[in-house]
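*Asks:* Sequence:
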Amino acid sequence: MARVPPEEWVPHVEAYVDVSRPAAQHSASVDALAAMVNKDRLTLFDLVSKMEMYLTTTDHIVRSRGILLLGEILSQISFKWLDVSTITILSDFFISRLSDWQAIRGALVGCLALLHRKQGVGCIVIADVKRLVESFSHNVPVQSLATADRKLCFQILSCILDRYPEAIKTMDGGQLYWICEAIDEEKDPECLKLSFHVVEVVMKLFPDPSGLAAQFACEIFEILSKYFPVYFTHGAGDDLNATRDDLSRALMHAFCSTPYFEPFAIPLLLDKLSSSLPLAKLESLKYLDNCIRFYGAARHASAVWLKLKEVIFSLSPEQLLLTTGSPKDAEKNKNQMVSEALNCLKTAITYIDSPDKDLFINLILLDEDIVNKIHSISRAEKSILSSLEDLAQVHALGSVISILMESSTYFCTRVLQEHLTHLVDVLGTSTDYESQQLNTCNGSYSAAINFGALYLCVQMLTSCREVALVSYAECSSIKLAKESWWLILEKKLDQLIHLLGSFLTLDSQSEQSMFRQEYVACAVKGLLTLAIFPEQCSTLLTNAFEDILAMLTSVITSKFENVDLWRLSLKALTSIGSSIVKFNASQKEVIYCRTVVDKIVSLLESYDGSMPLSLRLEASYEVGTAGLNYMLPVARSLEGAVVTSISKANGRMECAEYVAHLFECYSSRILPWLFTYGGINELALSFAMHLLDEIKDLSMLDRISSQVLLDSLMTGMKLLVGVCTEEQQTLIVQKAYSMVSSVLPLPPKSMTHCLLAVDELALYSAFGHIISNAPVPAVITEAHQILLVIVDSLAKLSVDIQDKDLVYNLLLVLSGMLMDEKGKECILDNIHITISVLTQLVSYPHMMVVRETALQCLVAFSTFPHSKIFPMRLKVLQAAIKALDDKKRAVRQEAVRCRQTWQSFA
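Note that my numbering numbers the sequence shown so that position 68 is 84, with each residue one more than the last.
Rather than coming from a laboratory, the hints here were simulated on the basis of the structure.
Be careful, since some hints might not be right.
Cβ pair distances, simulated, as ranges [stated by the list, open to error]:
1. S618 x T259: 38 to 46 angstroms
2. G227 x H438: 53 to 61 angstroms
3. G227 x R265: 21 to 29 angstroms
4. P223 x D580: 56 to 64 angstroms
5. N825 x E621: 17 to 25 angstroms
6. T259 x K55: 36 to 44 angstroms
7. Q909 x S622: 18 to 26 angstroms
8. N645 x E621: 15 to 23 angstroms
Here the structure is a predicted model, which is why all the values come from computation and not from measurement.
Think of the CB as a built atom: it goes at the ideal place given N, C-alpha and C, for glycine as much as any other residue.
Kindly produce the complete structure, drawing on both the sequences and the hints.
*Replies:* Here it is, written out as structure tokens:
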């Protein structure tokens, strides 16, 4: 490519060097020069030769602009190949310029551009990188520079550490001290983010105990600690590439970059947990969690536990209110802190690295506060919750115990050994529970319940299940062990099941009714947890599992007035069913179907008005969602209930509304679920066939007298046809024709409008819904039989405005037949009667698109033999001429087309 003469590009150099020019012109000059170099219209040699006076002049302003221009151009040609000689010359030049403090910006830009170049296009060699580091550390006082220049410095350091770490490994203590000085007192957010990354990578490069990281750990961490916690905030409009979260994350990674920070980091974080500022506490917990993952917790186990215990149990909203200013904010901060503290405790237990595995568990189980809390829960005077603070303390204790148990099989066993037997006996002895009726429907449990003991027992059950899921493959050996959580739990199982069942009938008038929801929810959760243990690890015998299902099912069938308990029990039963499907527990599935599904399904078949229909439908659907094998019986039962209810309707409004509710549940909930999970086609076909039989029977007996019932039937048919396969839809079309033909005289004697009985209208409506929702191929297959019924339906249904949508849909079916060769053959045999109905629809008053589509169908007849359609010419022209006065422009346009088309037949 031809080279650009100097007179074309030198002005760009001059414009850039001239500080009086606007910034936009400076930027345009750089872009223009870089583009010329990239396209080989200008060589770097020519550029540097012409720029020599700007690069070496004693005028520091011109010199700094010249060096910066070369650096900016080098940044924009990073993908252009440069030979080794050129790279070396550029490296020598920019490294030497690092000592020129008046032109430092250009030198930094040039060095960074060289460092960013990739291997395949010519890059700086490692020897030059080492020289750059040495010159950098000797000549560049980072903290004395402007913010933009400091950012360039940190970008250079970060790039060298990430891409040329071997150049840093050879540096001495003086150079590392220079890095410390460069970072110290930095306040710019973007520079800080880069500097934290620099510290992280530098410390990782010197893992040796005698290396620089170990020697300077104290000094470097002292600098880092000044920034903790990060309080930086910025407005939405600030143009920054660093948020507070970015800075906090970068600082946290720096904290965990080397084990030599451990003696300083963990004590600092534990100390900050005593801060009155919520942000400091939250940040300390997050950092502590991360540091424990990196350092382990053995050396600081006692201190970590004491501080975490303080946050988990001692933090009150009143303490936070002093700094947050709002009770809502205080509660939110408390919840966040407790959650972070529990996460940190879990991490500490998981990552503890000690040969004595009882170290941390003894710290917790034998902790004086924990022991006192459990003893306090066991005392009779503490059996009833008296405040939200009591509830929070019990929840906190339960969370600590759960975390401990779920950490390992050994820890799980230790906790159960210490507390389960006693806590279950606190809830009630064998004598207590044997005196209670197992059937939860009869009576109410009025004795005081120790919520603390109940909650802790249920938390332990939940933790045992989590351990069972993790150690699923080892369940056999756990059962055979002399001491295991499984054996401990098995001994108290019957007592626990019956106690939990009795708590479902907690007297709502008792003194603990204020917290009734907490008690009942806890009892239901306990029963649920026992029922969903993996079958291989379960301590439940078959009869115990069946007892639990019977307890929960009896709530559904008999205690529906207690909405909270009813919904909790229903959710529990659904979860149990889902668990059976998940673990493929065939034996449990048989029991579940017998005890739960059959019982719930029977609610649909019952006309007992004591339980609201909406609850019966909800219970059936929710239980069905647990698995396909459960939903199919629900769907069949609902189908049976619909068919039975239709036959009993006989004009009764309540029966019609009952059917409508059944259909609504079937169409909006059950059908979509089955469509997603399978098993829908055969079910829909069977239901559609049954409905057609019922409609036929009702019509023959003149028993359809409710519009509500009619609407429900039609909606149901429409949905059922829509989800069937094409082959099934053909069968339904055949059945529909058979239904109509057996009741109404076919072929129809007259296509004139007449007043129809509701039952006849139902037949036409049912037929119309079926045909309009079946695909065209299924309709075409049976066209020779059903065409006259379609035409007759159009005539009869066009009387009532309520059927306007159905008329339009049937008209679309007819237009589809006009486009199909086989359909046209059938229409040809019945052409006069078909055209007669279409001419009537041209003046259909209830819907404009019906009139428009009827005219379009009449135009389509132009493809038929003229000898066949000519006798109808006058009738069609009369209808078209009448339509020319239609109020709608679209109809008038089609009328013009129709008249022109049929006039041409003369």
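*Asks:* A separate judgement is required for each hint: does it hold in the structure or not?
*Replies:* Against the structure, the hints come out as follows:
Checked against the hint of 38 to 46 angstroms, the pair S618 and T259 fails, with Cβ atoms roughly 59 angstroms apart. Range check, G227 to H438: about 54 angstroms between beta-carbon atoms, so the 53 to 61 angstroms window is met. About 26 angstroms separates the C-beta atoms of G227 and R265, a value consistent with the hinted range of 21 to 29 angstroms. Range check, P223 to D580: about 58 angstroms between beta-carbon atoms, so the 56 to 64 angstroms window is met.
In this structure, N825 and E621 break the distance hint of 17 to 25 angstroms, their C-beta atoms being roughly 34 angstroms apart. A hinted range of 36 to 44 angstroms holds for the C-beta pair T259 and K55, which are about 39 angstroms apart. Evaluation of the 18 to 26 angstroms hint for Q909 and S622 yields a failure: the beta carbon distance comes to about 59 angstroms. The hint said 15 to 23 angstroms for the Cβ distance between N645 and E621, and at roughly 19 angstroms that hint holds.
This entry does not satisfy hints 1, 5 and 7, going by the numbered hints stated previously.
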